[in-house]
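> Residue strings, one per chain:
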Amino acid sequence: METRGIRTGKHFMMGNVACAEGAIAAGCEFAAGYPITPASEITHTLAKRLLEVEGYFLQTEDEISAICAAIGASWAGKKVLVPTSGPGISLMLENIGFAVGVETPCVLVNVQRGGPTTGAPTMGLQGDMVQPRRGSHGDYEIIALCPSSPQDMFDLTVHAFNLAERYRVPVFVMSDAFVGHMREEVTIPQPDKIDRVYRKTPKEGTDLSKIKVFLDEDVAPMPIFGRGFKSHVTSSCHDEHGNRNLIDPTALNNFIRRLRNKILKHRDEIVQVEADYDGCDLALLAYGAVARCAKEAVHVARSKGLNAGYLRVITSWPFPQQEIQDLARNVKRILVLENNSGQYYPYVKAESAGNADVEFLPPEILGQVHGLDYVVEKIEEMYR
Amino acid sequence: MNAVQHPLRKYLRPSVQATGFCPGCGDGTIMQCVLRAIDELKLDMDDFVFVSGIGCAAWVISPFFNADVLHTTHGRPIAYATGVKLNLPDKKVMVISGDGDLTAIGGNHLIHAARRNIDMVVVCINNGIYGMTGGQVAPTTPRGARTITTPYGSLENPFDIAPMVQAAGASYVARWTAYHPRQLTKSIKRAIEKKGFAFVEVISQCPVQFGAKTGAGSAVEMLKTFKNRSISVNKASEMKPGEIGDKIVVGEFVDTDKPELCEEIAKTKKRIGEEK
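So the protein lines, in turn, are chains X and D. This note's numbering applies: residue 31 is where the first sequence begins, and numbers increase by one. This note's numbering applies: residue 38 is where the second sequence begins, and numbers increase by one.
Everything labelled a hint here was simulated from the structure, so no lab data went into it. Careful, some of the hints might be misleading.
Here are the computed lysine-lysine pairs in the PhoX-like style, where the Cα-Cα straight-line distance is at most 20 Å [what the hints assert, rightly or not]:
no. : chain 1 : residue 1 : chain 2 : residue 2
1   : D       : Lys232    : D       : Lys264
2   : X       : Lys260    : D       : Lys232
3   : D       : Lys304    : X       : Lys78
4   : X       : Lys260    : D       : Lys47
5   : X       : Lys260    : D       : Lys129
6   : D       : Lys232    : D       : Lys129
This structure is a prediction, so every number in the text was calculated from the model and none was measured.
Okay, chain D solo, but in the shape it has when bound (with noise of 0.2 Å):
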């Protein structure tokens, strides 16, 4: 029996032991900043309901979080949360995926939520891979980088996700590496306390995917890269497009307030009522 429990382990389903991230992940450090956030917010875990798509990263909620939990289809939990939030709106609804889930496959419901300033938090876990299926090339992958399906190095343009999400119209922007657990859990909690759609990205590391396909080492030289090579918004804004080249600009990209979808519809409903 051992007396001392992790603080946040209240939060997890008792049934679960151990998860199945392999060695090094950034998954754990991430998932401990969601609780983190919920726990300093003083917030009640039946507050929420969690929905995930396919791949590692949706594994950070399920079956782990001790909530209502919908774990769907690859590429579609935003467009199920969506459902989900539409007819909960008192609930905060949060996903939790990876890029290739919300970017790739999912691209389109992540761009059209934006649009829609549904209010909810999307946390888009980036390690620039397919990691669970085996390192196969992402829309996020460096060009040039070399995976199992780019043997001689990746042809395409990656998607810079952020300032993508904030082009489509989030009320809410934020960008952080797995090596900023303190800044990550702050916009976390921005995030959850802000009325529209809030995304927070964090380039993550896979050390036995990305690391060991493209050369980018172990998970502590993964996380000494994000170290050296972050930059804040406001530096990145003041520097020339070229000049930013392998940097990754971390900070808040967008925070402000616009009309949100379910208070509009709320609205709109009162206004009909009215009418009749």
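Chain X with its partners taken away, still in its complex shape (with noise of 0.2 Å):
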């Protein structure tokens, strides 16, 4: 039932089309949107294709409304996307933070464009790399996956849906218009190959004030509605049970820490990395479309005898904070690449510090990927 009209094959596919495709193939049935560039293509897809597979697809009166019928879409038992740029996620930031508090698993993609504000809904910037983890008020974690290529629109897609079900968090996919609008093969398997994770529910006939349905640390069953749980799901601090408790400090302590904890206990299973920088002294750190111009430039700096290597983040949230202390002791110097004013740079250097030098190259121009001879000249500057 879950692989029907999943599109196997070999595809000629822009970005944003294959993140629908990976939303389908995931088995997404229901998308929540309002018209944004330059994520459009994500929501014209799932509106054809969310329908072919008895899904639907609900553009709404604004952002805020497309996450909170997301978050209730998923109450109701649904595998659920919201895609939109980073003006839709400013809008969306308070409920994320409700879709964190009461466990609701849900996938936003941002296709990031230039800001801040209005900015150029066409240009590319990786302007909001530390919005999903700091943007909703309060003290919480979050998961961010950092595409590069359309088959990774794809593919990530798919992670990010798992990751949500398996964890009950809404979890990111920080795209940007470059990688949402670049065409490049992508490759979907066939349907039996493809990792597809279902979220635990209570048993039916389940009493909740028996079992833990809520701030588990290794995440408790989702007790959706319809199935005659009773739930009680309430975003104001509450217990294991969903009792709301606004007096209590401890009862505070736990709602924060347990939440946190879901994802820094398993922060080994979450974060993933590309790395090839043994035996380098320099190293270059990128994400995104950017990385796919710093691997290069490694190519290319190599093929002149130079031994630098790179490590490509891709989910940027949770912090890989060992794989980034693992660089730091095993070069001498780290040049980290993004298309933006230095976000994630201050994270690196602090996880570096004592340990490697870290350097940040923006690229010539805000809003365009570093070019491959400003890059190379950087690294040939640097083993000067």
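Can you join these two chains into the complex? Each is in its own frame, and there are hints to help.
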């Protein structure tokens, strides 16, 4: 039943379309969104494709409504996707916090565009990299993935659904206008070759006062609606059964720590990087569209006899602490490349402190991916 | 041990013992009307998903109703309820929340849900003020009324909520006051049975904030005012606009049948399946 409608095969496909196909392949049955450039192709594709697999895409009156409807749909038991760009995420942030607080699986795709504010909708900028981590108020953890290609848009969207379902959390796919609008070969596997995770739910007839359904660091089963559980779901500070508690600081302490630990305790299972820096003095660190340039620049530098390497961050949050410490212990210098003014760089620098020197290289012009020659010259300069 | 139990107690969560409503609040009356409507229709609480927002009225269902309850962020219950209903079309979805939640911060969702005519019941408890946060002016506060944020009187026009929701496209719209529990119960029953967006506005008394701040007085005085000022929809329709003044128009504003969103989606899916 879940394998219906998957477009197995090789396609020449736009990143945004690959994201929508990834959602279908992952078993997504509901999406909600408001028109926004440069994410629109995701909604255009899902508007057609979801109805074909007996799901539904709802075009909402605003982005706030989109995230709320998606969370409601997730509590109705469906896998849900919310595609948008930075301004849409800005509007959704309060309710993304709600999804964190009541442990709701959902996938958000931010096809990042030039900002701040209305900015430049058709230009790509990695301008929202810290927003998923710190944008909603309060103290929480988040998972965010960074695709570099249309194939990644497919694969990481499927992976985002699996992480969301496994940990009962919102998961971000941090794309941008370059990757979203890029067209490349995308291979969609056979349905039985696609890994699909579904959330745990309590057995029918379970008395929720007898089991944990919230705040379990190893992820409680989700008492979805419509099955007679009489679930009480409140984003106010609550206990393991969903009972509100607004007077006891230890309840707040549990509420914050257990939600965070659900992700932090499983950091090693969640974090993915792509590393190639053995025996290198210098490593480039990049993610998303810029990681393509970093890898190519390393290839060119090596052809010139320079022992440069790279680390591509796939999971930007939770922060790949261990992986970046390992990198800093193995190389002398790290060059962080981002298509922004240095958003991820301070985190890398802090994690590498005492082990490696960390420099930041923005593109020549913000809103353009770094030019290859420009990066290679910088590498050569660092070896001089 | 008290063997006598309130006949509606069975609909409340066994773990809850008391509400947090202030003395004289209308929320308890309205809570009873909702439960009585469910009882009289012989429905089960498992037939429902209840959704609320933020504010005193949101506490009518959370945590009290022994059912699936989603207590959401301020202004957004209808948006959440839309996602629930579209994906559990066989369940009855009911939102209970206040005038600030549904017509100020959440006004956009209210008119668009009415426009979509999605099948759900929305009970809007309109006390004309922000009660929980300390008596601030609301979009429903009468012009000239003194509140904590309009110390010299409100300078703005209030919303007339029921006709606004009617104009936005709802299948069913009614308005009563907390003085009219029998009529209110009947309208809630009708709203639950209605296929489409069904909206019930209840003018309710908040003696602690509205009564004290605006000079409207005690709960009893406010209920007497509701009684004396209420006129029926039919009577109001025969009056000139200027004559209505500070009267409260009560009754059924609209009760009609038109295409409902969940049914339209089901039909579309069937058509697509047949075309394949």
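> State for each hint whether it applies.
Results for each hint:
1. Taken as a hint, the Lys232(D) and Lys264(D) pair is broken in the structure, with Cα atoms around 31 Å apart against an allowance of 20 Å.
2. A distance of roughly 24 Å separates the Cα atoms of Lys260(X) and Lys232(D); the hinted pair therefore is violated under the 20 Å criterion.
3. At roughly 15 Å between alpha-carbon atoms, Lys304(D) and Lys78(X) fall within 20 Å of each other, so this suggested pair holds.
4. Simply put, Lys260(X) and Lys47(D) have alpha-carbon atoms about 13 Å apart, close enough for the 20 Å limit, and the pair holds.
5. A hinted pair counts as satisfied when its Cα atoms are at most 20 Å apart, and Lys260(X) with Lys129(D) qualifies at roughly 14 Å.
6. For the given pair, Lys232(D) sits about 10 Å from Lys129(D) by alpha-carbon distance, which is consistent with the 20 Å threshold.
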